[in-house]
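J.: This is what each chain is made of:
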Amino acid sequence: MILVVLDHDTTRLRKGALEAVSRARQLAALGAIAGLVVGENTSAVAEEARKYVPTVYTAEVGGYTPERWAAAAYAAAQKSGAQVVVAPSSRQSRTWTARLALKMGAALLEDTLETATDGSKITATRYSFLNRVTEKQAASLPVVFTAKPNTTPVAEPQGDGMIEALTVEQPAAQVEVLERMSEQKKGVSLSEATVVVTGGRGLGSPEAFAGVEALANSLGGAVGATRAVVDAGWRPYGEQVGQTGKTVQPSAYIALAVSGAVQHQAGMNKSKYIVAVNKDAEAPIFKVADYGIVGDVHQVLPAMLEAAKKLKD
Amino acid sequence: MVALKSHNMDDPEDWHKASPYKMKGWEMKFIAILRQVPENEARLKVEGGKVGLNGVTMVLDGMDEWGVEEVIRLKEAHGGEAVVVALGPERSEEAIRTALAMGADRAVHLVSEGYIDPITQAQTLAETVLEEAPTLVFTGGQQADWDSQALGPALAEALGWPSVTWTTKVELEGQTHAKAKHDLDEGQEIVRVSLPAVFTSQQGLNEPRYPTLPGIMKAKKKEIRKIPLSVSSKVEVLEQTIQERSRLNKVIDGTKDPVAAANELVKLLHEEAKVI
Ligand SMILES: Cc1cc2nc3c(=O)[nH]c(=O)nc-3n(C[C@H](O)[C@H](O)[C@H](O)COP(=O)(O)OP(=O)(O)OC[C@H]3O[C@@H](n4cnc5c(N)ncnc54)[C@H](O)[C@@H]3O)c2cc1C
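Line order of the protein sequences matches chains L and E.
Residue 232 in my numbering sits at position 232 of the first sequence, with consecutive numbering throughout.
If you want my numbering, it's the 1-based position in the second sequence plus 313.
Treat each hint with caution, since some may be false.
[As the list claims (entries may be wrong)] In silico DSS-like links for lysine-lysine, alpha-carbon gap of 27 Å or less:
| # | chain 1 | residue 1 | chain 2 | residue 2 |
| --- | --- | --- | --- | --- |
| 1 | E | 587 | L | 312 |
| 2 | L | 79 | L | 103 |
| 3 | L | 103 | L | 121 |
| 4 | L | 310 | E | 563 |
| 5 | L | 287 | E | 580 |
| 6 | L | 272 | L | 287 |
| 7 | E | 547 | L | 103 |
| 8 | E | 358 | E | 563 |
| 9 | L | 287 | E | 569 |
| 10 | E | 547 | L | 310 |
| 11 | L | 312 | L | 272 |
| 12 | L | 121 | L | 136 |
| 13 | E | 569 | L | 310 |
| 14 | L | 272 | L | 310 |
| 15 | E | 547 | E | 363 |
| 16 | L | 51 | L | 79 |
| 17 | L | 287 | E | 587 |
| 18 | L | 287 | E | 563 |
| 19 | L | 279 | E | 580 |
| 20 | L | 103 | L | 136 |
| 21 | E | 580 | L | 309 |
| 22 | L | 136 | L | 51 |
| 23 | L | 272 | E | 547 |
| 24 | L | 287 | E | 363 |
| 25 | L | 79 | E | 547 |
| 26 | L | 136 | E | 363 |
| 27 | L | 136 | L | 15 |
| 28 | E | 563 | L | 272 |
| 29 | L | 136 | E | 358 |
| 30 | L | 272 | L | 15 |
| 31 | L | 309 | L | 272 |
| 32 | L | 309 | E | 482 |
| 33 | E | 587 | L | 279 |
| 34 | E | 587 | L | 310 |
| 35 | L | 15 | L | 51 |
| 36 | E | 587 | L | 309 |
| 37 | L | 15 | E | 587 |
| 38 | E | 358 | E | 547 |
| 39 | E | 580 | L | 312 |
Because the hints were derived from the structure by calculation, they are not lab data.
Keep in mind the model is a prediction, meaning the values are calculated, not measured.
Construct the entire structure; sequences and hints are all you get.
T.: Have a look at this one:
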């Protein structure tokens with residue numbers, strides 16, 4: 001049995017959930033698939049989920065805490081007898097799956113690109129060494145793994161599953177949320193964008209990001225930022241790309257006035273094409289760039305915007 | 314869960330009463346878990362299907378360094394002891410010495426060679442942490458070699474403690490609680506957490522100090538308790554490869570005519586790469 005924990009936004013399943021279902025289907029040798037919808041408004045989301053998996057468990061436990069998610073997934077794994085638990089990879093899931101693996105006495109395979117089984121082991125590929133190395137790992141069952149976003153085709157609906165509500169023993173709350181500063185994303189999400197336009201400290205001011213936004217908009221892409229820019233308070237943390245931010249893999253990654261530190265590269269070095277604009281011809285970003293301009297971003301960016309607009313007309 | 318020793322870790326009051334260090338006058342104890350990893354700029358090579366670290370400069374993991382700095386600051390502000398704990402090969406001692414030179418008081422080194430998956434790391438470290446009975450524990454948000462984010466939350470689970478990941482700020486509220494700010498997938502959160510707890514670090518937490526010469530001299534005399542272990546990993550690394558995309562490196566000079574350069578770049582992206 002395989003359990004898939006289905007990410008949702010309290011009304012619909014997220015894309016990552018449907019990728020995780022595909023991952024579970026690839027492991028058919030290990031038996032049937034059950035899904036878990038955990039959080040708030042789970043019975044409504046379960047109606048969508050039952051189109052993808054034969055059994056849907058719901059766990060109405062309230063807002064996210066890693067302890068609650070781990071407890072719910074553990075209850076569902078026990079109920080279904082699952083030896084493998086799959087979840088879409090995010091910072092959040094990489095926290096609660098660590099707790100779940102411990103509860104299950106399972107091995108944990110994090111942020112996997114591909115997974116397969118021979119019936120007793122799971123093998124997986126993933127990146128390591130700041131995204132520079134690709135490694136193949138193997139672990140005997142039970143296994144908990146997370147699936148990196150945008151690595152797997154989304155699942156097609158299949159049948160009409162049944163829904164079963166689970167009662168989950170709530171762990172004692174040890175963490176109290178006093179305040180949440182959520183960042184509302186407008187437009188294309190950074191992790192899923194096919195074009196990312198990232199601005200670095202060399203832009204000189206938060207105002208200069210108007211040009212970055214305009215270029216991203218005209219290319220149907222998302223805005224990214226370096227840590228230096230986020231630390232300066234110019235851009236929200238949700239836009240940060242790199243080791244301590246998001247990992248992106250777009251078709252085109254356009255880095256404007258970004259030096260290209262290794263920690264930044266850890267979040268973008270798998271992009272299909274990397275484009276750099278920097279006034280310093282020796283900037284490390286040019287070593288990993290496919291295309292680039294050595295020049296002043298304040299002159300090059302407006303001209304790129306003009307040219308991109310002309311392309312659209 | 315690791316078996317609880319003589320005192321009840323779920324009850325901070327009981328735990329503080331039971332802390333052996335209280336007797337010696339230590340009020341608080343702060344632990345940072347650290348690892349040694351290749352230096353960021355190090356050129357990695359694969360030998361016989363695995364990343365070979367021979368000849369590679371190894372350093373204290375940058376994310377762990379934030380944790381080390383934080384426990385030293387906590388100790389400076391609240392008294393007590395700042396202890397570093399490492400699980401890793403013999404060579405990790407250099408990274409431990411760096412932490413001691415920064416100002417940590419002493420170290421425990423669980424010596425074990427080879428790859429150990431983060432869940433097993435957590436189970437192994439939990440025993441030492443329980444024995445030390447700290448106020449709180451810091452560890453890096455992500456390991457720079459194995460790219461794992463699991464150690465902090467897995468350690469917390471093994472101890473039955475709460476965890477706060479990607480912490481950018483922490484403030485003690487007496488001995489039983491802490492207020493912390495931390496990053497989510499989108500946005501941030503301020504939480505109050507009961508102690509003891511495990512925190513993982515994030516950039517912005519602090520600016521680590523450089524070890525001073527007197528600090529380095531003093532570190533040579535500080536205690537490193539070595540505990541040899543043989544730990545078997547739940548996860549096996551079968552093969553490692555470095556698949557760097559070969560990049561085109563087509564760089565245009567835009568210093569004289571930025572407009573022409575921009576036009577040419579957009580044209581290449583549209584017609585050659587076909588990505589816009
Ligand atoms: C453990 C750790 C984790 C980290 N994680 C991350 C992370 O997740 N993401 C991240 O981004 N960083 C991260 N960092 C920080 C990283 O090391 C760099 O400091 C950061 O990426 C630099 O940001 P930047 O390129 O915007 O700024 P800088 O390095 O200051 O580069 C600015 C660039 O702009 C160019 N420039 C200046 N003016 C102009 C102009 N007018 N026109 C054109 N070009 C111009 C300069 O030549 C320079 O190359 C991390 C660091 C550590 C230690």
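J.: In ascending order, which of the hints set out earlier in this document are inconsistent with the structure?
T.: The structure breaks hints 10, 22, 23 and 32; every other hint is satisfied.
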